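**Student:** Each chain is listed here by its residues.
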Amino acid sequence: MSNPKTLYDKIWNDHVVTNNDDGTSVIYIDRHLVHEVTSPQAFEGLKIAGRSVRQPQFTLATADHNIPTTDRDKGIADPESKLQVETLEKNCADHGITYLSMNDNRQGIVHIIGPEQGFTQPGMTIVCGDSHTSTHGAFGALAWGIGTSEVEHVLATQTLIQTKAKNMRIDIQGDLPIGVTAKDIVLKIIQTIGTAGGTGYVIEYTGNVIKALSMEGRMTVCNMSIEAGARAGLISPDEKTAEYIKGRPLAPSDDYYEKAVQYWMSLASDKDAQYDKTISINAKDIIPQVTWGTSPEDVVSIDGSVPNPHDENDTEKKKSMIRALEYMGLEPNTQMKDIKVDKVFIGSCTNGRIEDLRAVSKIANGKKVAGHVNAIIVPGSGLVKEQAEKEGLDKIFIESGFEWRDPGCSMCLAMNADKLQPQERCASTSNRNFEGRQGRGGRTHLMSPAMAAAAAINGKLSDCRDF
Amino acid sequence: MEKFKKIKSNAIPLPMVNIDTDMIIPKQFLKTIKRTGLGKSLFYELRYDENDKKISNFVLNQDQYKDSQILITGKNFGCGSSREHAPWSIADYGIKCIVASSYADIFYNNCFKNGILPIILPEDQVQQLLQAAEESLNFEVDLENQKISYILNNEAKSLKFDIDPAKKACLIEGIDDIGLTLNKVSHISDFENKQKSMNPWLYSRKLT
Numbered sequence: 001m002s003n004p005k006t007l008y009d010k011i012w013n014d015h016v017v018t019n020n021d022d023g024t025s026v027i028y029i030d031r032h033l034v035h036e037v038t039s040p041q042a043f044e045g046l047k048i049a050g051r052s053v054r055q056p057q058f059t060l061a062t063a064d065h066n067i068p069t070t071d072r073d074k075g076i077a078d079p080e081s082k083l084q085v086e087t088l089e090k091n092c093a094d095h096g097i098t099y100l101s102m103n104d105n106r107q108g109i110v111h112i113i114g115p116e117q118g119f120t121q122p123g124m125t126i127v128c129g130d131s132h133t134s135t136h137g138a139f140g141a142l143a144w145g146i147g148t149s150e151v152e153h154v155l156a157t158q159t160l161i162q163t164k165a166k167n168m169r170i171d172i173q174g175d176l177p178i179g180v181t182a183k184d185i186v187l188k189i190i191q192t193i194g195t196a197g198g199t200g201y202v203i204e205y206t207g208n209v210i211k212a213l214s215m216e217g218r219m220t221v222c223n224m225s226i227e228a229g230a231r232a233g234l235i236s237p238d239e240k241t242a243e244y245i246k247g248r249p250l251a252p253s254d255d256y257y258e259k260a261v262q263y264w265m266s267l268a269s270d271k272d273a274q275y276d277k278t279i280s281i282n283a284k285d286i287i288p289q290v291t292w293g294t295s296p297e298d299v300v301s302i303d304g305s306v307p308n309p310h311d312e313n314d315t316e317k318k319k320s321m322i323r324a325l326e327y328m329g330l331e332p333n334t335q336m337k338d339i340k341v342d343k344v345f346i347g348s349c350t351n352g353r354i355e356d357l358r359a360v361s362k363i364a365n366g367k368k369v370a371g372h373v374n375a376i377i378v379p380g381s382g383l384v385k386e387q388a389e390k391e392g393l394d395k396i397f398i399e400s401g402f403e404w405r406d407p408g409c410s411m412c413l414a415m416n417a418d419k420l421q422p423q424e425r426c427a428s429t430s431n432r433n434f435e436g437r438q439g440r441g442g443r444t445h446l447m448s449p450a451m452a453a454a455a456a457i458n459g460k461l462s463d464c465r466d467f
Numbered sequence: 468m469e470k471f472k473k474i475k476s477n478a479i480p481l482p483m484v485n486i487d488t489d490m491i492i493p494k495q496f497l498k499t500i501k502r503t504g505l506g507k508s509l510f511y512e513l514r515y516d517e518n519d520k521k522i523s524n525f526v527l528n529q530d531q532y533k534d535s536q537i538l539i540t541g542k543n544f545g546c547g548s549s550r551e552h553a554p555w556s557i558a559d560y561g562i563k564c565i566v567a568s569s570y571a572d573i574f575y576n577n578c579f580k581n582g583i584l585p586i587i588l589p590e591d592q593v594q595q596l597l598q599a600a601e602e603s604l605n606f607e608v609d610l611e612n613q614k615i616s617y618i619l620n621n622e623a624k625s626l627k628f629d630i631d632p633a634k635k636a637c638l639i640e641g642i643d644d645i646g647l648t649l650n651k652v653s654h655i656s657d658f659e660n661k662q663k664s665m666n667p668w669l670y671s672r673k674l675t
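For the protein sequence lines, the chains are A and B, in the order given.
Mapped onto the working numbering, the consecutive letters of the first sequence carry residue numbers 1 to 467.
Mapped onto the working numbering, the consecutive letters of the second sequence carry residue numbers 468 to 675.
Hints listed in this document are in silico derivations from the structure and should not be mistaken for laboratory results.
As the structure is a prediction and not an experimental result, all values here were calculated from the model.
Some hints here could point you the wrong way.
Pairs of lysine to aspartate or glutamate residues, derived as EDC-like cross-links and limited to a Cα-Cα distance of at most 16 Å, are as follows [stated by the list, open to error]: (1) B/Lys634 <-> A/Asp22; (2) B/Lys501 <-> A/Glu44; (3) B/Lys661 <-> A/Asp14; (4) B/Lys635 <-> A/Asp22.
Isolated chain A (complex conformation) (with noise of 0.2 Å):
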């Protein structure tokens, strides 16, 4: 029998279009998402160099980071963002690239749209000039963000060049307590091995509580990923990827749908497969987790408080330390709950599906936002929104006083209106917090979207166990 394999190791084998003499392999690349920030320099390469698309029906394209939330029918205000769309939206017709515009219902973050048409599926290998990319790696998919340059790349050859990462597996075992979400879990994982921690492997997520979450959660906990460094999350695929999969648009065609499953259910790893490091954690230990700084890795659980530099024996952190705690405009040993928001922003494509949406609504359900904070809910695809809306979730967020949005990036990224002020302070589904990430001097506290309910309904930051 030939070596016991990782998931990763098959999905990397059934790619591999042939191995250079250095080392690297030329990788086969089943899926490609685009968006229009990241592309058009890429399309303009090829025009340069007169090459064109290699399988453009490979190849899905929407406009997310850039459009308004709000008035879609006035098109976009902004000069600037305005030509970065039609720019992608006539690349994509020059080069016969599927592009879902602004006003078809089933644009989205593409994160969010791929596995909502069935695109994304286990054993394939998925980039995307974004590296949220790794979200579609809970289908069993490995999917990774790339560069401009290698956007180009794979238009012109449907191929990357890569050299083959680590593999790590983080297994979580145990019972996870009433009200801890997928958002806890990654928010504990990249707490306990750092920013840099997954920096050259790719992540194989285990155990009884990620095979109990649904793909919903598994997408979150693979979205932030990046955020522990690793370029890319995996879990195995199973019955449950199966049957989220099955009777979408690009699903398998009948003729082929067992075929296809049979497939995907091959790629689990193998029993006695190697992985270089392994991190096991208990979930009996995960309680609703904040963030307090400016990185994802300066996380502390909602009954903590701010930590003070002072503790810390590393220089370089307790310098790093001051620095994030002066920006965030917090003295250490404040409790968590003391902390006061002004705004609370719910979506992106860490948190901006049917779930986390149904989540907010349970929290919401009869009560008021407080006074002084500004809430929105922007849905991660028409689609979500037209679901939330079908089962009268838009009802109950605007009578508790949400803002009920269109779908986009908006505020994860704040390069359309959507932005914080200055000082302004933010519970945010979404996934980074660094320094003016949701607009310059704005103040990111990152967190689950019940957790970011409760602090819209507490005006506080809050645990949401006691709703």
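Chain A is already provided as a structure; the job is to place chain B on it using the hints.
**Tutor:** Leaving out everything else, chain B in the frame of chain A:
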């Protein structure tokens, strides 16, 4: 891509850890459809205040570091967003070489596509170079011989660095990856034919 030549320049010391690509080039500059012109916005929020005035004590705004082609900085440089606008802004500013003890993966790869050499050295050596960059303006980066020369405490010193030979060759020869891969187009076609027969569902549907 331009060939990477020996660099003689001063070096910018920026001793911060976990500098993310949002910090290197904030989102408002990602609306461009060009690769060029981003250098003036490099490290925008560290470099300019709310009124677009230069912040005088930020290192890039100090006269002695003008026209520097080398950046020495803290670990996990370039983490976060995959935006290639980060290396574009660095290259457009004129920086051709970065020294740190570690980089985020995507950023590290993006550098090589843009003629930037990201050198990895142990943390204690990076600290030495940071100190040297404060004291002296004479650095030399020699990729051919994998050597950095500098002056510390009035003494000429040098350090060797490691680099993947394939990546080194790409920089030195200024190679276009896509051209190289297209030379293997028959391998790609063979792969597609094989995959189509093994996993036919991958080829069966298109969104309209």
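**Student:** Failing hints, ascending?
**Tutor:** none
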